[in-house]
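Under the working numbering, the residues of the sequence shown are numbered 18 to 282, in order.
These are calculated hints, taken from the structure and not from any lab test. Cβ atoms here follow ideal geometry from the backbone N, Cα and C, with glycine treated the same way. Heads up, some of the hints might be wrong.
Claimed, not checked - The list that follows gives simulated cross-link-like pairs (lysine-lysine, DSS-like), each with its CA atoms no further than 25 angstroms apart: (1) Lys39 / Lys26; (2) Lys272 / Lys127; (3) Lys210 / Lys256; (4) Lys244 / Lys272; (5) Lys244 / Lys210.
Claimed, not checked - Label-pair restraints from in silico Cβ distances: (6) Glu23 / Ile82: 40 to 46 angstroms; (7) His167 / Asn267: 41 to 47 angstroms; (8) Asp28 / Val85: 43 to 49 angstroms; (9) Asp275 / Ala144: 20 to 26 angstroms; (10) Asn96 / Pro186: 52 to 58 angstroms; (11) Pro113 / Phe76: 32 to 38 angstroms; (12) Lys244 / Pro113: 38 to 44 angstroms; (13) Glu23 / Asp163: 46 to 52 angstroms; (14) Ala51 / Ile82: 47 to 53 angstroms.
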Amino acid sequence: AQADAELAKADLDRARGLATRKVISQAELETAAAKFTQRKAAVDNMQSVIDKKEIRAPFDGIAGIREVNPGQLVNVGHNLVTLQALDQVFADFSLPQQQLGEVKPGLPVKVTTDAVAGREFDGTVTAVNSAIDRATRNVSLQATLDNADHMLRAGMFVRVKVLLPQQNPTLYIPATGVSYAPYGNSVYVIEKKQDEKTKQDSLLIRQQFIRTGETRGDFVAVTDGLKAGDEIVSTGVFKLRNGMDVVVDNKLAPKPEDAPKPADT
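Input sequences plus hints: build the corresponding full structure.
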């Protein structure tokens with residue numbers, strides 16, 4: 018078909034030259050032009066059929082393991098290979114509904130994963146779901162991350178930390194140091210006292226009622242009742258009573274984290 022089209026093109030060029038010198042009629046020139054158009058249409062039609070037999074990726078990406086073998090017959094809709102565009106990836110995560118008012122598209126995020134230990138990936142919140150999950154009362158969010166080196170892959174488990182705008186300094190204490198009660202939450206502040214007879218210093222605890230705010234990992238914010246520098250009891254508060262003498266020993270004290278990791282089991 019391609020050869021016929023090229024021959025028809027040569028005949029048309031020759032006919033045009035002859036028609037210019039009045040050697041052939043206008044009708045013969047039009048016949049040559051129509052023949053070329055017909056041959057060219059046949060070539061285009063065959064090329065279209067060939068193109069349909071070639072499978073092209075809809076976008077640039079990295080192909081995974083193929084699911085078919087050369088020469089194998091496949092049906093419409095059969096999976097051939099997984100294709101992933103990894104230059105930019107999405108991280109789906111959720112937050113409690115109480116934090117919905119704090120997050121919005123555009124906030125920066127830090128993403129970590131055990132698959133790439135010791136590295137943080139920078140990203141941005143790009144979508145916040147318009148509805149709350151009725152079962153969990155969480156809101157779904159999506160962050161977009163640059164992934165030029167293709168270290169992040171689809172399906173990975175990651176931890177996402179949303180960086181909120183800087184606000185007034187907030188005091189955080191270990192949540193295990195708070196005694197929760199219906200009449201008010203409290204902590205035990207460690208204070209010095211001096212024995213009137215021996216003049217020796219010792220430590221006692223004083224129950225201090227506080228007002229708590231948001232939680233971050235193992236910490237809880239204190240909005241009222243404490244000030245920076247106050248020393249409090251961080252664990253075992255259910256055993257304490259106001260005015261008790263204490264001795265500070267931090268050897269066995271747990272270390273709270275703002276992003277605790279679940280223990281492997």
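Results of checking the hints against the structure:
no., hint, verdict
1, Lys39 / Lys26, "holds (20 angstroms)"
2, Lys272 / Lys127, "holds (22 angstroms)"
3, Lys210 / Lys256, "holds (21 angstroms)"
4, Lys244 / Lys272, "holds (21 angstroms)"
5, Lys244 / Lys210, "holds (20 angstroms)"
6, Glu23 / Ile82: 40 to 46 angstroms, "holds (43 angstroms)"
7, His167 / Asn267: 41 to 47 angstroms, "holds (44 angstroms)"
8, Asp28 / Val85: 43 to 49 angstroms, "holds (45 angstroms)"
9, Asp275 / Ala144: 20 to 26 angstroms, "holds (25 angstroms)"
10, Asn96 / Pro186: 52 to 58 angstroms, "holds (54 angstroms)"
11, Pro113 / Phe76: 32 to 38 angstroms, "holds (36 angstroms)"
12, Lys244 / Pro113: 38 to 44 angstroms, "violated (28 angstroms)"
13, Glu23 / Asp163: 46 to 52 angstroms, "holds (50 angstroms)"
14, Ala51 / Ile82: 47 to 53 angstroms, "holds (52 angstroms)"
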